[in-house]
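In the order they appear, the protein sequences are chains R and L. Residue numbering for the first sequence follows this note's numbering, starting at 29 and increasing by one per position. Residue numbering for the second sequence follows this note's numbering, starting at 80 and increasing by one per position.
Hints are not guaranteed to be accurate.
Said to hold, decoys possible - Below, a list of computed lysine-lysine pairs in the DSS-like style, where the Cα atoms sit at most 27 angstroms apart:
#	chain 1	residue 1	chain 2	residue 2
1	R	LYS295	L	LYS480
2	L	LYS133	L	LYS267
3	L	LYS267	L	LYS93
4	L	LYS133	L	LYS93
5	L	LYS93	R	LYS289
6	R	LYS58	R	LYS295
Said to hold, decoys possible - Output of the computed footprint for chain L on chain R, the stretches with three or more beta carbons under 8 angstroms from beta carbons of chain L:
#	segment
7	137-145
8	301-310
9	324-332
10	339-353
11	388-401
Claimed, not checked - Just a sample of chain R residues kept apart from chain L, beta carbon distances all over 12 angstroms, derived:
#	residue
12	ALA77
13	LEU101
14	ALA208
15	GLN362
16	LEU404
Note that these hints are calculated values from the structure, not bench results. C-beta: ideal position from N, C-alpha, C; glycine also.
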Amino acid sequence: MFNEGRHGAIGLSDEQTELLESATKYCRDKSPIETVRRLIEDDLGHDPAVFAEMAELGWLGIAIPESYGGAGLDLAEVVPVVEQMGRNLMGGPLLATTLTAQALLAAGTAEQKASILPELAAGRPATLALLEPHADWDPQHIDCQAMSADGGITLRGTKVFVTDAPIAAWMIVSVMLEGAPALVLLDPEAIASCSIRRETVIDETRRSYRVALDGVRLSESALLDVSLAGAALERIELAGSLLATAEMCGAAVSCIDDTLKYLVDRKQFGRPIGSYQALKHPTVHAHLGIEQARSHLYAAAHSFESGREGEIAVRMAKAHTGPAFGFAADRAIQFHGGFGFTYECDAQLYRRRAIWGENQHGDALYHRRKLADLIL
Amino acid sequence: MSSPSRTELEEYRKQASAWFAENVPPEPDFMLPLTFMEVGTDEQFDFLCDWQNKVYEAGYLGAAWPEEYGGGGLDQAFQNIATEQMRIHGSPIMLNTIGLNWAGPLILDMGTHEQRQRYIKGILSAEDIWCQGFSEPDHGSDLGNVQTRAVREGDEWVFNGTKIWTTHGNHAKYMIMLARSIQETANKYAGLSFFLIPMKVPGVEAVPIRKLTGEYGFTETFFTDARMPGDCLMGQEGQGWAIAMRTLEYERSARGGQAGGLSIIVPDATDAIDLARRARRGGRPAIEDPVIRDRLVELLIEDRGNSLCFQRQRLAPLNQERPFSLGLSSKLMNTELIRRLNEFTISMQGAKAAYYMGEPDAIDGGLSQRAYLNSFSATIGGGTSQIQANIVGEHVLGLPKS
């Protein structure tokens with residue numbers, strides 16, 4: 029009945045349904061708001077025991093083929109997990125590790141895949157270093173250089189917004205090699221030779237780092253397949269956009285639930301403030317914006333592997349969800365009144381996270397620009 | 080009824096496609112309405128009645144309604160195919176929408192055998208056009224406050240009061256009517272009853288209302304000691320509110336059973352892209368303007384978001400926490416988007432945006448301008464967007480009543 033070109037298509041696998049159900053419960057149990065607040069003050073920013081449990085649950089290997097120790101499903105099945113993690117404002121290296129695995133699957137050599145993917149599926153953390161101080165999201169805009177010398181490779185340049193860098197066992201870095209984009213794999217020793225500084229970022233549940241690569245030396249075997257690097261970078265952008273969208277959708281639902289609770293409990297002039305249409309209607313619009321976001325999210329998950337259709341669906345989902353979550357969180361602060369202006373009120377956690385999520389893997393304007401060329 | 084096979088449906092699709100390809104009438108020399116609410120002249124009315132009748136006779140309307148009352152007795156999937164073929168082949172709208180999609184399913188679900196026999200076939204054949212008498216001049220959004228009175232006198236009911244926004248009011252043969260038949264009730268809803276009444280009787284006067292577009296399409300309908308037959312009551316006395324709410328569920332597509340058929344031709348996002356290629360700004364096609372491109376993409380994302388929400392309703396695990404959210408919000412989301420889309424299509428036209436219907440140099444004869452002004456009928460009618468937001472706020476999100 030639907031013309032997919034205009035309408036898109038949505039679907040839900042049995043595995044997605046099961047994971048949605050189990051992740052909803054698990055994340056709610058493990059990450060109540062007191063824990064989120066405690067981990068903000070913690071250097072690591074997450075509980076390693078919880079990350080280990082997630083690995084035992086199989087969540088780190090969902091989209092890794094069975095031959096490499098994973099479950100052999102698709103990124104679509106990672107979506108409900110990340111959505112529910114977002115709903116409970118969880119941090120930790122699951123996102124970065126999942127995306128690193130995707131990069132390896134897209135461009136890793138046979139040896140790299142065979143030796144590292146099973147480790148990632150088992151719960152060793154890894155991360156990606158893509159963005160640079162020029163702050164352009166275009167994954168092909170790379171200033172960092174890799175130079176061949178003495179049978180090895182020397183790196184030069186700086187990466188920013190590298191999440192969980194100090195705990196990562198591996199780091200995949202985008203560089204220019206002889207004028208073309210390439211990906212290199214840093215092992216723990218190479219990571220130790222980088223100069224790493226923690227960045228102060230708006231979402232305090234994150235751990236993000238500036239990584240100076242100058243002088244890092246690697247062997248030739250650290251290169252991922254150069255002929256596949258460009259395509260891998262595109263795929264990372266879309267995979268990252270999909271998962272950032274999932275995380276934002278989850279967080280937005282909690283943000284609205286929190287706001288609703290306040291609108292019902294808080295009384296002014298003898299009435300619950302939620303009875304005033306000036307507060308009720310914008311809250312309804314925030315909710316409906318997130319309903320649309322969630323529909324876009326599951327459509328993007330459903331069609332992620334469908335080439336151009338998948339790209340359109342993912343970019344639409346990301347372009348819609350960032351601003352929709354932003355609006356919900358912006359109104360959450362306003363509708364909490366004076367309390368909303370305090371650090372103690374959770375509304376700020378959501379607003380900060382919305383800004384973080386919007387700026388991961390391209391903001392709304394970035395994706396709409398790409399969409400204009402894809403669909404107009 | 081066993082569900083139809085793919086082959087049967089495909090066969091039906093081919094037949095329907097061939098029939099509409101051959102039978103869809105050419106554009107007449109007057110402008111046809113895009114929705115059933117925009118029928119303003121007798122020539123439009125006659126043209127559309129004839130067309131609906133022809134579609135029904137060919138078996139492409141009411142295909143899933145029971146055979147014994149004049150329907151096709153087929154699975155709903157067949158009618159969906161027929162409706163889709165109407166859209167594809169640029170069919171004019173089905174005029175009798177209120178009968179086909181609101182009153183008809185209500186009578187089939189709740190009416191007596193006798194009522195079904197009397198009304199259903201005429202609804203399909205367009206012999207009996209239906210209108211709806213819910214809104215009143217002083218109680219636009221507060222439907223529960225209906226003041227039109229129905230008083231039992233012997234074998235008859237006597238009606239006094241005024242209804243407004245009666246689509247087809249001057250053409251209709253019957254009306255579904257909400258009126259107050261019991262005074263002094265515990266709450267305002269308990270006194271309401273639901274009626275199926277004839278329109279062509281003494282004491283009923285339908286006065287055309289001129290719309291904001293300059294066209295006609297609605298009436299204000301006055302009842303002055305209008306005497307109706309005793310059997311015109313639907314359900315029990317005092318059940319009016321519940322039945323009216325049920326009718327609104329058909330209207331908002333929250334409940335199935337409609338006869339189907341194309342009732343609204345909505346200029347959609349694809350039309351906006353098409354217009355962006357033809358309209359010019361700064362001497363170049365509007366679609367090359369980066370700001371226009373960005374706005375268009377935003378609207379296309381929303382358009383697809385609404386379609387995806389519609390599709391998501393059938394995926395229960397994705398609707399567990401607020402199961403009525405998508406259903407209760409679809410009217411608000413769709414009608415508001417259409418309004419903004421139409422507004423945007425005007426804004427793309429450069430200075431020609433200020434032309435209007437009748438101006439030979441207007442783009443598409445002023446179609447966008449007319450569609451924009453008419454789009455308010457959907458954001459206001461059937462419960463304004465603001466009422467819809469209250470419904471979602473209170474019934475989906477659990478906020479206290481305003």
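(request) For the pair supplied as a hint, L:LYS133 and L:LYS267, confirm whether the alpha-carbon distance does not exceed 27 angstroms. (result) 44 angstroms, violated
(request) Please count how many residues of the segment 301-310 of chain R have a CB within 8 angstroms of a CB from chain L and say whether that reaches 3. (result) holds (count 6)
(request) Test coverage of the segment 137-145 of chain R by chain L using CB-CB distances below 8 angstroms; three residues minimum. (result) Since three or more residues must qualify, the claim that chain L covers the segment 137-145 of chain R is violated, with 0 doing so at under 8 angstroms.
(request) Compute the least Cβ-Cβ separation between R:GLN362 and chain L, then decide whether it is above 12 angstroms. (result) Given that every Cβ of chain L is farther than 12 angstroms from that of R:GLN362, nearest at about 16 angstroms, it holds.
(message) Please verify whether L:LYS133 and L:LYS93 have alpha carbons no more than 27 angstroms apart.
(response) 18 angstroms, holds
(request) Could you grab the alpha-carbon distance between L:LYS93 and R:LYS289 and see if it respects the 27 angstroms cut-off? (result) 54 angstroms, violated
(message) Beyond 12 angstroms on every Cβ pair: is that true for R:ALA208 relative to chain L?
(response) Since the minimum Cβ distance to chain L is about 30 angstroms, R:ALA208 lies beyond 12 angstroms and the statement holds.
(request) Taking the shortest Cβ-to-Cβ distance between R:LEU404 and chain L, state whether it exceeds 12 angstroms. (result) 6 angstroms, violated
(request) Confirm or reject the statement that R:LEU101 sits farther than 12 angstroms, beta carbon to beta carbon, from all of chain L. (result) 16 angstroms, holds
(request) Examine the segment 388-401 of chain R for residues whose CB is less than 8 angstroms from any CB of chain L, and state whether their number is three or more. (result) With 5 residues closer than 8 angstroms to chain L, the segment 388-401 of chain R meets the three-residue bar; holds.
(message) For L:LYS267 and L:LYS93, compute the direct alpha-carbon distance and say whether it is at most 27 angstroms.
(response) Between L:LYS267 and L:LYS93 the Cα gap is close to 52 angstroms, so the pair fails against 27 angstroms, i.e. violated.
(message) Check the hint pairing R:LYS58 with R:LYS295 against an upper bound of 27 angstroms on the C-alpha distance.
(response) With a Cα-Cα distance of about 32 angstroms, the restraint between R:LYS58 and R:LYS295 is violated, given a limit of 27 angstroms.
Comparing the model with each earlier hint shows violations of hints 2, 3, 5, 6, 7, 16; every other hint is respected.
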